[in-house]
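These two chains come separately, so use the hints to put the complex back together.
Chains A and B, in that order, are what the protein sequence lines are. Heads up, the first sequence is in the numbering used here, so the first residue is 1 and it goes up one at a time. Heads up, the second sequence is in the numbering used here, so the first residue is 115 and it goes up one at a time.
No lab work stands behind these hints, which were simulated from the structure alone. Heads up, some of the hints might be wrong.
Claimed, not checked - The following label-pair restraints were derived from C-beta to C-beta distances:
| no. | chain 1 | residue 1 | chain 2 | residue 2 | range |
| --- | --- | --- | --- | --- | --- |
| 1 | B | S194 | A | K71 | 43 to 53 Å |
| 2 | B | G143 | A | T95 | 19 to 29 Å |
| 3 | B | I126 | A | Q17 | 36 to 46 Å |
| 4 | A | G16 | B | S184 | 33 to 43 Å |
| 5 | A | N28 | B | R191 | 27 to 37 Å |
| 6 | A | L114 | B | G167 | 28 to 38 Å |
Keep in mind it's a predicted model, so treat the numbers as computed, not measured. For glycine and all other residues, C-beta sits at the position ideal for the given N, C-alpha and C.
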Amino acid sequence: NAGVTQTPKFRVLKTGQSMTLLCAQDMNHEYMYWYRQDPGMGLRLIHYSVGEGTTAKGEVPDGYNVSRLKKQNFLLGLESAAPSQTSVYFCASTTRTSYTGELFFGEGSRLTVL
Amino acid sequence: AQSVSQHNHHVILSEAASLELGCNYSYGGTVNLFWYVQYPGQHLQLLLKYFSGDPLVKGIKGFEAEFIKSKFSFNLRKPSVQWSDTAEYFCAVKTGTASKLTFGTGTRLQVTL
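Next up, chain B with everything else stripped away, as it sits in the complex (with noise of 0.2 Å):
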């Protein structure tokens, strides 16, 4: 089975410092890769995704990831983060059929000003 591991549990920058949340996935096949974000009492919200093309891909927030087939890779980045970017964000990558998700565990990123 597809899985997904986010080694960051929980991250603490401070504001303007660059961030990077590592995602490494199992599946060999082609693959389509998400990047959610959840804020303190929301709903999960698509913050960049990866189907085909250009391995960098850019999202909303000044959010960027790279997928690295090789490494099975698809690490989200930002140069500078906000006290805003406080939230929990999940790496999810689609599986098989009727378009599962199989997230990771997230990772919990805290902004201090």
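The following block holds chain A by itself, in its conformation from the complex (with noise of 0.2 Å):
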């Protein structure tokens, strides 16, 4: 059970660049989200979905998109990459019948943007 699986674990991008962030759960788990962590700040949401073919912002939506084409996958995108999305982004999920809330985080995905 692979759980909550984020890909690439790191990537070096120049201003401008644009790439894919893929998270993939086996989980069967409705809502998926993006958080982003930097020193001092905390984990801060980018965007996250409740569903196939939803989506919503979070905290720090901005220069980020994203998409839920299957259940099992949720995609961040950065269409132009800048120095301060350098960060290290997790990806969590849970089940929408959790009464507690509890999300399972992936592994997390290193970015520099140079």
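Written as structure tokens, this is what we have:
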């Protein structure tokens, strides 16, 4: 049981380049999330999805786009990367019927924008 | 908007010392509260959670936390830390719909031998 898997684990981009981070979960969870983690700022929610074909903005959505074409996948895109997007990105998921709302996290993707 | 405050940013303790990490939240309604731990180079793992009932919650690895509603607090405790507890600890509160979590800024715990 792989849980939540993120690819790639590491990536270096030049300013202005684009890329996509892939999150895949095999737990049949309805809800999926993208967070970014920065020193001294904890985790901040970028975008989230409550089901296939639906997405919503989180706390820091600017500069990112997402898509949820399949229930098990949640993609995070950067159309024109900026140095301010250098961060560690975490994907998480949970089930809609979870009473406690516990999130299950992937191992993170470290992105550096030069 | 809900917020979570962790007042201790970096804590250094010797092995066997007692630990208490503070967490305060701003939401006044019913809350679900969490502590997550992130060991160096790893992803976040759930340490413990509170959603109802006994305000003293016990988690993995000997950690516990007490929910004090009147103080809007959910402090994490461990009677005797080990070197392997060196990690970053995040308090979080479930906010609104869709099980979104709002995280605190984290506390880095360093345990020395």
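Can you list which hints this structure breaks, lowest number first? 4 and 6
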